[in-house]
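S.K.: Single-letter residue listing:
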Amino acid sequence: MSALTSHLRKYTAAPVCHDIQINGQLVGLHDSGVLWWPDEATLIVADLHLEKGSSFARRGIMLPPYDTGSTLEKLAGVMDAFDPARVICLGDSFHDADGSDRLPAPYRAMLTTLQLGREWIWVTGNHDPVAPVRLCGETVDEIKIGPLSFRHEPIEKIGSELTAGEVCGHLHPAARVRRFGRSIRRACFITDGSRLVLPAFGALTGGLNVTHEAYSMIFRRRQYSVFLLGNDRLFPFTASRLVGD
Amino acid sequence: MQLIDQLAQGHSTLLIAPTGAGKTLAGFLPSLVELEARGKRKAGQAGNRGIHTLYISPLKALAVDIARNLEAPVTEMDLPVRLETRTGDTPSHKRQRQKLNPPDILLTTPEQIALLLSDPASEKLFASLQTVILDELHATVTSKRGDLLALGLARLRQHSPNLRTIGLSATVAEPDDLRAYLVGQPDPDVRSLSHLVEVSGGAQPEISILDSEERLPWSGHSSRYAIGDIYQLIKAHKVSLLFVNTRSQVEMVFQELWRINEDTLPIALHHGSLDVGQRRKVEAAMASGNLRAVVATSSLDMGIDWGDIDLVVNIGAPKGASRLAQRIGRANHRMDEPSKAVLIPSNRFEVLECQAALSASKRGEQDTPPLRKGALDVLAQHLLGLACANPLNLTDTFDEIRSTETYRHLDWETFEKVLDFVATGGYALKSYEQYAKLRKGKDGLWRISHPKVAQQYRLNVGTIVEAPKLKVRLVRSKADGRRAPVGRGGRILGEIEEYFIDQMTPGDTFLFGGEVLRFEAIRENEAYVSRAKSENPMIPAYMGGKFPLSTYLAEGVRSMLATPSTWKQLPVQVRDWLEIQRDKSVLPAKDGLLVETFPRANKHYMVCYPFEGRLAHQTLGMLLTKRLERLGARPMGFVANDYALSVWGLGDLSLLFSSGRIPLDELFEQDILGDDLDAWLADSSLMKRTFRNCAVIAGLIERRHPGQEKSGRQVTVSSDLIYDVLRAHEPDHILLKATWNDAAEGLLDISRLGELLTRIRGRITHTALPHVSPLAVPILLEIGKEPIYGEAMDSLLEEAAEELVLEAME
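Sequences listed follow chains U and P, in order. Just so it is clear: in the first sequence, position 236 is 236 by our numbering, and no numbers are missing. Take the position in the second sequence, starting the count at 1, then add 245; the result is the number in our numbering.
Worth flagging that the hints you see were computed from the coordinates, not collected in a lab. Just so we're clear, the structure is a prediction, and the values are computed from it rather than from any experiment. For glycine and all other residues, C-beta sits at the position ideal for the given N, C-alpha and C. Hints should not be assumed to be uniformly reliable.
Stated by the list, open to error - If you only want the chain U side, here are some residues facing chain P, beta carbon under 7 Å, derived:
| # | residue |
| --- | --- |
| 1 | Tyr11 |
| 2 | Pro15 |
| 3 | Val16 |
| 4 | Ala57 |
| 5 | Gly60 |
| 6 | Met62 |
| 7 | Pro64 |
| 8 | Pro65 |
| 9 | Arg102 |
| 10 | Ala105 |
As the list claims (entries may be wrong) - Covered by chain U, per the in silico footprint, the following chain P stretches (three or more residues, Cβ under 8 Å):
| # | stretch |
| --- | --- |
| 11 | 757-768 |
| 12 | 937-947 |
| 13 | 967-974 |
Stated by the list, open to error - Calculated pairs, DSS-like style, for lysine-lysine (alpha carbon to alpha carbon, straight line, at most 27 Å):
| # | chain 1 | residue 1 | chain 2 | residue 2 |
| --- | --- | --- | --- | --- |
| 14 | P | Lys526 | P | Lys716 |
| 15 | P | Lys675 | U | Lys10 |
| 16 | P | Lys813 | P | Lys778 |
| 17 | P | Lys685 | P | Lys697 |
| 18 | P | Lys933 | U | Lys10 |
| 19 | P | Lys585 | P | Lys483 |
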């Protein structure tokens, strides 16, 4: 076993989802942070930010080098549970444009194994505007499948035809709930039934509180729900129950 | 004069003297004499002379103040001496010039020393250094700044081997610690000490405890009940200095005093968040005798001269005997007259604490903390700084670091790990070699790999990691019906913690700098406010400033409780309270632990009285709750203060304890500090905050600088993630070790908790009561005021989510 992979611990997931409808389509939110679309046997994952650690290390900030390995291991666990026919990575899959080139060989092998026998779509993001190198898959800026559109950044409009059925990432949504004088902050899905923003999946990715003004461009004030990621389950809350940081 | 003899012979010396004895100027005398003898510089020789004397103070303001005081005699006597200050506020052109044409005497701070030493020119700059004067040494050595300074001194000694150090300190418990700090430690087994000169304290201070007619509160820290008494004290004296423990209390006390200030006495306030200009104004007014009273926090505990104060009022508990002594020392800067002080306890337990502090003061006893063990994050920062100046020879550097008292216990393995951390992050997974910041050359020396590394170091130097703050700027209100947008103008009133402003919506009012302000808007890194009127303004909560009760005072309080014959010195109300406790329950024994249990409102309470300070109690509460949960007692939460700890839950604790189903000796067994602690730490926000500080100091995370768009909040998030990833993949990482060391000594106070558990072994008394005991009332009243801690996070979420379901179904 390579030194790069020997530290990894197996991640197992149960293919049990919280079902909701987006633009009339039944989709499942999973507590790992991925979206499962059963009718299309498609798994959607946002903001992997692979090679974020090495991206910082290049600038002299030595973040722990364990992010790519743990993100891929977690993804492998989820794929194992769902066995998707198609995978859509919703952009910022690599933390910078050179990230796919830097990907160490053992991780490249892991990723290639995951891609075997599946349709794989890389949606470009602001961190990775170009197609990854030496990896399979089709690279697109955005893609529409049936009533759903997949892109990295949400369009900053509310209630437009363009945004109905939009599934995106980019914002790294997180929410905070306060109770008994204590508060809990978790990454979350955020949706108004018409569009959905996925939480960031990568191991070293932070979150932006859904009360931040960036969200006011895409959801009407207090007219959305969030699903906080917990251990083996999701916790739904309406907007009125959430607090800022 | 003994001092001057010592110093003239070139001996390093610790001078211990109470405030006002003129010790700072005495420290400079030998330097002035030598500089006088050296004579004037000859033209054209400007750059050839290095710095002769360094003066290092923990406070910028103090360095500036001392420079001013020194300037006068130097000019009067026409001495050939150039003296300059260098702080974070010094403009960069002046700093540059100081390197090329150094002054004879440089007055500065520990951070500036670190910066100067990272410069390749530092060797020349300090080659002729004769003297280093370390002011307020007792204060510096208790923090990481003291570690940084210790390492800096070691390097200065390399540059100038015959260096003489002069430490100036208030009275401390262990002078030998400071004496060892001042000199190099060549022998790992024998402690070398500097000389010692002690100036005795003059007249005994007159200290009394306020005996109010008012009802003494059961709990709380506001001392509102005594405001009338305090006002009368101010009226009866010329100039009073009122000390409180936190900045919020400054605002509160100031507001309350002005509410009843019928004679409109000039009363001002002073705390670290106020704008510097405002603070200087208050200090000047105080010095010139234009004020009758100033309400202040410990930002004034140190040095600066304050004019003719004839009364010090300490509001709230002193928390430590030495802390109190230093505050009282502010009054009457003349050696022959006694200082006068009045202590105002804000609740019943604080009466006991004040009494213990008073007895300690009479006996002249001290409870300053022991010398720290040098922190590893500071060492990491220092190593990078050294490498920026000169290529490193590892064995020499190791010896140099071990020659400090602070790092004498460092082992080679840890040293190498820290170096590895600086170079490539120190991970077991060696994937960053190509990005290394330090590289070993063919000559065996370690060098920085790129000039950028030095730049990065300079931006990150220092050991103070502050909570993100916003400037508070006064503007005209929008509320007056004017349509105009919020204007830019207006002056800065000070700084306030970002998280407090985050909780407010425009229109909310709060107290700041003694004024009621209306929050208008946030613009970039400024909070816009206007003047307002409001009956109920919020009082900002500030981080920090709460010191835990010292071990020494805690012992005093316990022994007082256990000895009813000493109660006659206590106020009647307190005596009554203790007598009823004795009748209804039991008094806590001096070296044991009293555990009371009783039912109340469908819940079962346990209250115990360790008197080990809030931090140790919080940690213990967390651990007991976990353990009780496992034992099936169904705990729901706990609350802790400086004196006691209460846990409550659904299980009948009286029955569980008295039936022996949960033996108390096992509940408080030492092994609670093992697995339980480890499990809890995994998700502790205290631990994450500690980690963030270590990560910033060690240089893993970049410090935030004004004008950068990255907000402090985002730094917090990412450091939490790094912590989680590290714990999962490399639990032995050097930075986690540094975090653990910090937490054990600091926020978790584990060392003190360990001592408690040893002390009470076999000495635990349990009493099952039908209802709450008199002694338990204060801690129960804190429920809802202090944060409550409880079960695992997910179950809390679950409950919150279920509440939502109920709401929907109704």
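S.K.: Could you work out which earlier hints the structure fails to respect and list their numbers in ascending sequence?
M.R.: Violated: hints 1, 2, 3, 9, 10, 11 and 16.
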